[in-house]
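For reference, the chains in residue letters:
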Amino acid sequence: MDIGQLVKIGDFEWRIEPRGAMRVPAVIYADEALVSDMDDKVFEQATNVATLPGIVRASYAMPDAHWGYGFPIGGVAAFDPAEDGIVSAGGVGFDISCGVRTMVTNVAAADIRARQRELADTLFARIPAGVGSKSDISLTDADMDAMLDGGAEWAVARGWGEPADLDRIEEHGRMAGGDPARISARARKRQRREMGTLGSGNHYLEVQEVGEIFDRAAADRFGLTPGRIVVTIHCGSRGLGHQVGTEYMTEMAVAAPGQGICLPDRELACVRIASPIGQRYLGAMWSAINCALANREIIGHFTREVFAGLFPGARLDLLYDVSHNTCKVERHRSDGTERELFVHRKGATRAFGPGHPELPRGLADIGQPVLIGGSMGAGSFVLAGSRTSEERAFSSACHGAGRRMSRHKAGRLWKGRQVADELAERGIIVRSPSSRGIAEEAPGAYKDVRAVVDATEMAGLARKVAHLAPLVCIKG
Amino acid sequence: MRVRSGRRTGRGPRGPAWEHFPHGADIGVRGRGATMAEAFEQVALAMSAIVSDPGTVGHAERVDLSVASADAEILLVKWLNAIIYEMAVRSMVFSRFEVRIEDGRLEGSAWGEPVDVARHQPAVELKGATLTALSVAEPPGEGWLAQCVVDV
Chain A
1 MDIGQLVKIG DFEWRIEPRG AMRVPAVIYA DEALVSDMDD KVFEQATNVA
51 TLPGIVRASY AMPDAHWGYG FPIGGVAAFD PAEDGIVSAG GVGFDISCGV
101 RTMVTNVAAA DIRARQRELA DTLFARIPAG VGSKSDISLT DADMDAMLDG
151 GAEWAVARGW GEPADLDRIE EHGRMAGGDP ARISARARKR QRREMGTLGS
201 GNHYLEVQEV GEIFDRAAAD RFGLTPGRIV VTIHCGSRGL GHQVGTEYMT
251 EMAVAAPGQG ICLPDRELAC VRIASPIGQR YLGAMWSAIN CALANREIIG
301 HFTREVFAGL FPGARLDLLY DVSHNTCKVE RHRSDGTERE LFVHRKGATR
351 AFGPGHPELP RGLADIGQPV LIGGSMGAGS FVLAGSRTSE ERAFSSACHG
401 AGRRMSRHKA GRLWKGRQVA DELAERGIIV RSPSSRGIAE EAPGAYKDVR
451 AVVDATEMAG LARKVAHLAP LVCIKG
Chain B
1 MRVRSGRRTG RGPRGPAWEH FPHGADIGVR GRGATMAEAF EQVALAMSAI
51 VSDPGTVGHA ERVDLSVASA DAEILLVKWL NAIIYEMAVR SMVFSRFEVR
101 IEDGRLEGSA WGEPVDVARH QPAVELKGAT LTALSVAEPP GEGWLAQCVV
151 DV
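First to last, the protein sequences are chains A and B. Position 265 (the first sequence) corresponds to 265 in our numbering; numbering is contiguous. Position 24 (the second sequence) corresponds to 24 in our numbering; numbering is contiguous.
No lab work stands behind these hints: they were computed from the structure. A few of these clues could be false.
What the hints assert, rightly or not - Pairwise CB distance ranges (calculated):
1) E107(B) <-> D136(A): 33 to 41 Å
2) A34(B) <-> R331(A): 52 to 60 Å
3) L413(A) <-> A137(B): 28 to 36 Å
4) A185(A) <-> T35(B): 42 to 50 Å
5) G258(A) <-> A68(B): 12 to 20 Å
6) A137(B) <-> R315(A): 52 to 60 Å
7) S36(A) <-> P139(B): 44 to 52 Å
To be verified - A few chain B residues that face chain A, going by a derived Cβ cut-off under 10 Å, partial list only:
8) H20
9) I50
10) E125
None of these values were measured; they are calculated from a predicted model. Note that CB positions come from ideal geometry on N, CA and C, so glycine has one too.
Please take these sequences and the hints and turn them into a complete structure.
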């Protein structure tokens, strides 16, 4: 991106002033190097989002922003229904409520290293991953409705998870407002054998060692101790979410002109929040969020079973479960008034700061854990929401390193076996049914996650707490 | 096991009939043909090749699909998403397509076989065909072109 097109507000804040059809400015949070490296589509998409009806304050792009679908991935935008605001299926994405959970353990890294291959093989055998993988869990129609309404609460009630987990999941593990009746027969059929599956692409389960600590007080409260193990799971709403996104994206593209919405590009497919199709989508999307929450809860349960078998006495406690492809109703201050806004985070993570009323009591004075995946090589980070995040971007932060090259190019530069061997030499074991998938997920295909989290902290979105280094990576 | 590199283009008698184009996080698919229907067949092949090399996939089983839209671009998205749906619920990969389009109605067939991870080496799941870089056009002298980005 040509940085000359932007107005520099600070070392980590850049603005595109409203012009043409833009109703608000676009704001990019990143350092100069990250901005220069961003593809031009981020500029185009951030400014396109700024033209949408009912948008409040600004169209935001996080430090890991890259080319998305209408919205940039790493895009945040809030809309006011009282101003005929819109909801956009592209602003949520196909993998509705794709997200990350991290479970802290009482297991030492040294104990993992002693049985590292065995752990990798056991996790790989237990967690269905990759194209065509199916779960042993098959849901009846009644089960499906209960899951779509109950989310992780439903999973815990069925014995897949612990009640204490719910306090550490967004929405307490159950997204209110889900309407299972809005989930089509096709979406249900796609999901029937996919509960408790990881998926593929950039989804993973990692066993990680807690390394460098940046915020001692927060790390202590989060239960992050150097040399101890955590387990992180990254996946979403699986086939059901994909089908919901598919159906509504097309429907919105057709419906938008009839609602008087002029789209600069039809990939911005959206409809008025208050319209019948808008309400149907919200009901379906919120049900799909429940599907993702239930799915990660089930995979967490499988992980606990594996650890119990290999490491007697092991405890896995959920630190937090975040989602980064959602549209949620939240109260925010804007122009001196507090209003209810529909906040889209497309490849961006909610990051409530200290004192937010929705945080669990044990974390209220620290802020919400923000879990940022990097790559198999660079590792990941745990952050905490900052007090300033609300005013900066409606309490939002980045979601990961972001790709720096296409899958196409990564597949040409690397071979899966080569990547796996190089990681093994560094003490990291990768297991995946797909060699090509490993190549496309090579560490070199991703941006420098340290630069992304540093910029996130310096921009006042979230602050660094700890670094996590992978020991075992299960990929689909 | 030898690693097969993924094919990124398929050649037709007048040059590439299908190809992938880069899109940061995901993959663009493009098909060319003498008719719109032929372009739709080729772009479906391009999409299938994201998952597995069509050369490794047999075509013993046939699945019939039917979608409709007066809007050619929406028709393309619906066609590709119908294939994705069948791949997901049948656990199949496809290597051959036939398409007939008349008055906004597409009747198609896909031939393939159940996924065999060892033989097909599937790289990623397809989530959905998007509206990004979406185009169904007849560039002068080039026949028909159909493309979009697919979320993986």
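Determine which of the earlier numbered hints do not hold for this structure and return their numbers in increasing order. 4 and 7
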